[in-house]
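Undergrad: Residue numbers for the sequence shown follow the UniProt record's numbering, beginning at 1 and rising by one.
A portion of the hints provided could be inaccurate.
Below 25 Å or equal to it, Euclidean Cα-Cα: the simulated DMTMM-like pairs (lysine to aspartate or glutamate) are [as the list claims (entries may be wrong)]: (1) Lys121 with Asp197; (2) Lys293 with Glu281; (3) Lys182 with Glu205; (4) Lys282 with Asp128; (5) Lys291 with Glu279; (6) Lys182 with Glu281; (7) Lys182 with Glu253; (8) Lys282 with Asp269; (9) Lys293 with Glu228; (10) Lys200 with Glu261; (11) Lys132 with Glu153; (12) Lys182 with Glu286; (13) Lys182 with Asp278; (14) Lys266 with Asp197; (15) Lys121 with Glu211; (16) Lys182 with Glu74; (17) Lys208 with Glu279; (18) Lys289 with Asp278; (19) Lys104 with Glu188; (20) Lys289 with Asp242; (21) Lys42 with Glu136; (22) Lys95 with Asp128; (23) Lys234 with Glu74; (24) Lys186 with Glu286; (25) Lys266 with Asp128; (26) Lys200 with Glu233; (27) Lys282 with Glu228; (28) Lys121 with Glu153; (29) Lys95 with Glu136; (30) Lys135 with Asp145.
I should point out that these hints are in silico values taken from the structure, not numbers from a laboratory.
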Amino acid sequence: MNELNRFAAEMIEEWNRACNLDQLPTSDETSEYSEQLDEFLKQLEQHRNSSSLLDQQIANHLQQQSVLLLQQWESIVTQTDSQRNTSAVPIGGHKLPPLPYPYKALEPYINRRIMELHHDKHHQSYVDGLNKAEKEMEKARRTSDFSLIKHWEREAAFHGAGHYLHTIFWNIMSPQGGGMPKGALKAEINSSFGSFDQFKRHFSEAAKNVEASGWAILVWSPRAHRLEILQAEKHQNLSQWDVIPLLVLDVWEHAYYLQYENNRGKYVDNWWNVVNWDEVEKRYNEAKKVKWKPF
1 MNELNRFAAE MIEEWNRACN LDQLPTSDET SEYSEQLDEF LKQLEQHRNS SSLLDQQIAN
61 HLQQQSVLLL QQWESIVTQT DSQRNTSAVP IGGHKLPPLP YPYKALEPYI NRRIMELHHD
121 KHHQSYVDGL NKAEKEMEKA RRTSDFSLIK HWEREAAFHG AGHYLHTIFW NIMSPQGGGM
181 PKGALKAEIN SSFGSFDQFK RHFSEAAKNV EASGWAILVW SPRAHRLEIL QAEKHQNLSQ
241 WDVIPLLVLD VWEHAYYLQY ENNRGKYVDN WWNVVNWDEV EKRYNEAKKV KWKPF
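Please construct the entire structure, taking both the sequences and the accompanying hints into account.
TA: Quick look at the structure:
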């Protein structure tokens with residue numbers, strides 16, 4: 001019962017936060033989810049107030065309901081991302097995407113407090129910084145005053161890359177993650193790196209050896225027609241332009257320090273347990289649709 005109570009509290013928190021940030025689409029699925037969440041909470045409250053212990057049948061039913069609610073929530077988040085893909089973002093109109101799982105979902109590998117601060121504070125700051133930079137550059141065009149253009153272009157590059165990489169980062173992780181890739185992605189990794197083990201070691205060492213703050217990134221290169229592993233310092237420095245990120249790992253200290261302190265290596269090694277290979281493969285399949293002549 002305690003586990004169900006914790007789950008209910010987390011889902012309410014996620015729902016309220018997304019509503020407050022105006023992150024949810026208006027749809028039948030969203031309305032249905034709201035109704036089912038309310039019904040689940042009523043059932044939980046009814047049994048919580050009962051003097052008798054839950055029998056196994058009721059406990060199993062509530063557990064199944066909690067699983068269905070989580071699946072519905074993930075579907076709504078996916079729908080939100082899909083809707084965002086259908087039209088241009090207005091200048092200065094970028095929004096923080098919701099997490100596709102509760103804050104504590106990646107424990108014990110990434111704890112709840114890190115996820116709260118990382119998503120709600122750090123990622124939000126990149127969204128805010130990007131929006132500010134876009135509005136200031138639009139103002140410069142409107143007034144023909146480009147005296148601060150160097151500053152705002154730098155701000156747009158830093159915050160825009162931070163927003164982009166973090167949005168990928170949340171989605172290529174999952175509480176059901178870990179293991180190995182399958183199918184075409186696995187074959188491509190073997191072709192590009194020799195084996196999955198060699199790829200994993202290369203990627204891990206790239207992440208562990210990023211100088212100061214930055215990222216390790218697995219990309220598809222339409223130019224070379226193969227996978228490559230890159231580093232990025234900060235979010236935008238010392239990397240490549242003509243590639244499509246598939247798998248990204250944040251090694252800024254805010255991504256791990258509260259749990260791992262200065263042991264970046266342990267964080268990197270544990271992170272493989274939450275990699276969402278289904279999402280990575282989906283990104284790979286989309287990336288391969290970009291057809292360039294090899295050069």
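Undergrad: State for each hint whether it applies.
TA: Status of the hints after comparison with the structure:
no.	hint	in the structure
1	Lys121 with Asp197	violated, 35 Å
2	Lys293 with Glu281	holds, 23 Å
3	Lys182 with Glu205	holds, 23 Å
4	Lys282 with Asp128	violated, 29 Å
5	Lys291 with Glu279	holds, 21 Å
6	Lys182 with Glu281	holds, 8 Å
7	Lys182 with Glu253	violated, 31 Å
8	Lys282 with Asp269	holds, 23 Å
9	Lys293 with Glu228	holds, 17 Å
10	Lys200 with Glu261	holds, 23 Å
11	Lys132 with Glu153	holds, 11 Å
12	Lys182 with Glu286	holds, 16 Å
13	Lys182 with Asp278	holds, 8 Å
14	Lys266 with Asp197	holds, 17 Å
15	Lys121 with Glu211	holds, 23 Å
16	Lys182 with Glu74	holds, 22 Å
17	Lys208 with Glu279	holds, 23 Å
18	Lys289 with Asp278	holds, 17 Å
19	Lys104 with Glu188	violated, 33 Å
20	Lys289 with Asp242	holds, 14 Å
21	Lys42 with Glu136	violated, 49 Å
22	Lys95 with Asp128	holds, 8 Å
23	Lys234 with Glu74	violated, 30 Å
24	Lys186 with Glu286	holds, 15 Å
25	Lys266 with Asp128	violated, 31 Å
26	Lys200 with Glu233	holds, 20 Å
27	Lys282 with Glu228	holds, 17 Å
28	Lys121 with Glu153	holds, 23 Å
29	Lys95 with Glu136	holds, 17 Å
30	Lys135 with Asp145	holds, 13 Å
Figure legend: structure checked against the earlier numbered hints; hints not met, in rising order: 1, 4, 7, 19, 21, 23, 25.
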